[in-house]
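Here the protein sequences line up with chains A, B, C, D, E, F and G, keeping their order. When the letters of the first sequence are read in order and numbered with the numbering used here, they come out as residues 1 to 94. When the letters of the second sequence are read in order and numbered with the numbering used here, they come out as residues 1 to 94. When the letters of the third sequence are read in order and numbered with the numbering used here, they come out as residues 1 to 94. When the letters of the fourth sequence are read in order and numbered with the numbering used here, they come out as residues 1 to 94. When the letters of the fifth sequence are read in order and numbered with the numbering used here, they come out as residues 1 to 94. When the letters of the sixth sequence are read in order and numbered with the numbering used here, they come out as residues 1 to 94. When the letters of the seventh sequence are read in order and numbered with the numbering used here, they come out as residues 1 to 94.
Derived from the structure by calculation, the hints contain no laboratory data. Just so it is clear, CB atoms sit at the ideal spot from N, CA and C, and this is done for glycine as well. Treat the hints with caution; some may be incorrect.
Sample of chain E residues facing chain G (criterion: CB under 10 angstroms; computed from the structure) [claimed, not checked]:
| # | residue |
| --- | --- |
| 1 | M1 |
| 2 | L2 |
| 3 | V13 |
| 4 | G43 |
| 5 | E44 |
| 6 | V58 |
| 7 | A59 |
| 8 | G61 |
| 9 | M63 |
| 10 | K68 |
| 11 | Y69 |
| 12 | V74 |
| 13 | K75 |
| 14 | G78 |
| 15 | S79 |
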Amino acid sequence: MLKPLGDRVILEVTQEEEKTVGGLVLASAAKEKPQTAKVVAVGEGNVLENGQKSPMPVAVGDMVMFEKYSGTEVKYDGSEYLIIAAKDIMAIVE
Amino acid sequence: MLKPLGDRVILEVTQEEEKTVGGLVLASAAKEKPQTAKVVAVGEGNVLENGQKSPMPVAVGDMVMFEKYSGTEVKYDGSEYLIIAAKDIMAIVE
Amino acid sequence: MLKPLGDRVILEVTQEEEKTVGGLVLASAAKEKPQTAKVVAVGEGNVLENGQKSPMPVAVGDMVMFEKYSGTEVKYDGSEYLIIAAKDIMAIVE
Amino acid sequence: MLKPLGDRVILEVTQEEEKTVGGLVLASAAKEKPQTAKVVAVGEGNVLENGQKSPMPVAVGDMVMFEKYSGTEVKYDGSEYLIIAAKDIMAIVE
Amino acid sequence: MLKPLGDRVILEVTQEEEKTVGGLVLASAAKEKPQTAKVVAVGEGNVLENGQKSPMPVAVGDMVMFEKYSGTEVKYDGSEYLIIAAKDIMAIVE
Amino acid sequence: MLKPLGDRVILEVTQEEEKTVGGLVLASAAKEKPQTAKVVAVGEGNVLENGQKSPMPVAVGDMVMFEKYSGTEVKYDGSEYLIIAAKDIMAIVE
Amino acid sequence: MLKPLGDRVILEVTQEEEKTVGGLVLASAAKEKPQTAKVVAVGEGNVLENGQKSPMPVAVGDMVMFEKYSGTEVKYDGSEYLIIAAKDIMAIVE
C-alpha cells in the first residue's frame, strides 16, 4: 500500500473511452491526457504554523478533476498512479 | 455536477456574437478569446492561517470578466467550462 | 456597469493630444502609450489576514498616472477601459 | 501637482555637469545616467499588516542616490521626473 | 556515520532488478532511475518560527517513494546515498 | 557625506597589491575584483514588522569580505564607494 | 581571523586523496569537487522575527558534507576557505 505524505493524494487515472472506427481502437498520438481520476489514498495534510494539520478537501473514492501536468506518475504493484498535491485538484465530479 | 475546490470558480464562457457578412459567419482565426463568462459554481474559499475560509467575491449567476490566459478549460457532460481562481476574476458585469 | 473586484481599479485612459502638422493628425506608430487616466470605478480592497479590507488609495474621478504595461484592457459597452491593480497606480495628478 | 502613492517618491533628476572641450559641450552617447536626484514629493508609506504606515526615509528637498534602472520616468507639466519606490533609494547626500 | 541536518533524510536507493536475457544483465542506458529507497537516517526537523522543530514524517527503516531529480547523491564509506528534504518524499510504501 | 538608508552599508574597496615584475606593475585584465573592503558608513537598519530596526552586524572601520557582484558602485566627491546590503557582507576580517 | 556573519559558516575544504598509479598522482580534469569539509568558524545565527538568533547546527571542528556549488570561495592569509550558509550544510560526518 502507498501512504501519501503531507497534503498529497494518490489518484488512479481513469482511462477515457477511446473512439473506435468499426471496432478498431484509434490510438491517437494527439489524444489529450485524461484529467479525471479516482482518489485511492489521502495524506494527513500539511503541518500548519500553529501545529494543526491542513484539512484535506477530498476523500477516498471521490472522482476528481486535476490540473494538467501536475503530480508525479508512479508505478506500484503493477499499476500506475498519480501522486498529486491537494491544491492541484480543481474539482470533485459529483 | 462539478464542485470546485478551494477558491476556484467554474465559468461557462459566453460565446460572443461573431460578425457576419451577408449571413456568412466569419470564423476569424485572429478573433480574440471572449473574456466574459457566467459563474455556474463557486468553491468554499481557501482555508486561511486562522482556520477560517476566504470569502468568495462572486455568486452563481454573476456575469464576470476574467484575466486572459488564466484558468483551465475542462469538458464535462458535453459542455465546456473554465475552472478559474477567484483572484483571476477582474470584475462583475452588472 | 463594471464592478472591479479586490483591489482593482477601472480606468478610462485619456487620449493625449496628438501633434498635428498643418491640421493633419500624425498617427505615429512610435507614439508612446498614454500613462494618464481617469478613475471610473474602485474595488472594495483585498481581504487582509485580519479580515479587514485594504484601504483604496484612489477615488472615482481622480486623474492618475500608472505603471506602463500594467493592467488589462477590456472593452465594455463600446468603450475601452483598463482594469488595473491599485498598487500599479503611481501617483494622483492633482 | 503629482502626489505619489504608497511608498513612492518623486525625484527631479539633477543633470550632471558635462565635460566641455574649449566651451564645446560634449554630448557623449556613452555618458552614464546620473544617479543623484532631488526629492520633490514623498508618498505616505505603504499600509503594513498592523494597519500603520511604513515610515518614509527621505523628505522633500533631500538630495539622494538611487539604484540604476529603478523607477519610472514620467513627464508632467513640461518637466521630467522619476517616480521611484523608497526602497530603491540608497543614500542621502548630506 | 552521516547525521542529516534540518529536515533532511538520508536514503539508500534500492536497485531495481534489471531485466536479463539468458542470464545476461541488460545495462539499459534508458533505464529510469529508481524512485524507491530505504530511509537510513532522519534529521531533527527544521526550526520553526516558534522555536519548535517540524515533525519528521518518516522513520529509519521506512521504504519511501521520492520526487525524481530531488536530493543530492553523496558517497560515504564506499556506499552511495541520497540526501533529500523530507518535503520531497511523496509516500511511504507499506 | 553619504548617509546609507535601511540596512545598507558603504564600503571603501581596498585595492589589493598588484604583482610587479621588476618594478613594472602588471595590470592584468584577468585580475579578480577585490573582495575586501573597509566600512565607512552604516545605515540604521530595516524597519521590522514590530516597528523596531534590524541590528547592523558591522561598524564603521571594520574590514569586511563581501559577496562578489553584490552592491552598487557609486562615485562621490572624487572617490569610489560600494553601497551594499548588510546581508551581502559575509565576514569581518579581524 | 575571519568572523562569519549571520548564519554563515567557514569551511576548510578537505582535499580528497587522489588515486595514484605507481606513485604518480593522477590530476584528473574530471575529478569531482570534494564535498567534505571541516568547520573552522561559525556565525552567531540570523536574527529571527522575535529578536532571537537562529541556532547554528554545526560547531567548530565538525566534518560536514555540503551542497555542491553552494558557498563562496575566499582566500585569506594564504589559505582557501569556503563561506557557506548553514542551510547548505547537509550532514555532519561523525
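Open item on the list: A closest beta-carbon separation below 10 angstroms is what the hint needs, so does E:V13 meet it against chain G?
Closed with: violated (16 angstroms)
Task: Status of the hint placing E:G61 at chain G (closest C-beta pair under 10 angstroms) - done: violated (19 angstroms)
TODO: Have a go at the E:S79 hint: is there a Cβ in chain G nearer than 10 angstroms to its own Cβ?
DONE: violated (13 angstroms)
TODO: With a cut-off of 10 angstroms on the beta carbons, see whether E:K68 makes it to chain G.
DONE: The hint is violated - E:K68 has no Cβ within 10 angstroms of chain G, the shortest such distance being about 18 angstroms.
Task: When the least beta-carbon distance from E:M1 to chain G is tested against 10 angstroms, hint result - done: Cβ of E:M1 sits 5 angstroms from chain G, so the hint holds.
Task: Hint check, E:L2 versus chain G [nearest Cβ-Cβ separation less than 10 angstroms] - done: With a closest approach of 5 angstroms, the E:L2 hint holds.
Open item on the list: Min Cβ distance, E:V58 to chain G: is it shorter than 10 angstroms?
Closed with: violated (16 angstroms)
Open item on the list: Less than 10 angstroms between beta-carbons is the criterion; does E:G78 satisfy it with respect to chain G?
Closed with: violated (14 angstroms)
Open item on the list: Tell me if the interface restraint on E:E44 is satisfied: Cβ within less than 10 angstroms of some Cβ in chain G.
Closed with: Result: holds, 9 angstroms to nearest chain G Cβ.
Task: When the least beta-carbon distance from E:G43 to chain G is tested against 10 angstroms, hint result - done: This interface hint holds because 8 angstroms falls under the 10 angstroms limit.
Task: chain G contact restraint on E:A59 - CB to CB distance below 10 angstroms - done: violated (18 angstroms)
- [ ] Identify whether the interface hint at E:K75 stands, where standing means a beta carbon of chain G within less than 10 angstroms of its own.
- [x] Hint holds; E:K75 Cβ to chain G Cβ min 9 angstroms, cut 10 angstroms.
When the structure is compared with the earlier hints, violations turn up for hints 3, 6, 7, 8, 9, 10, 11, 14, 15 and for no others.
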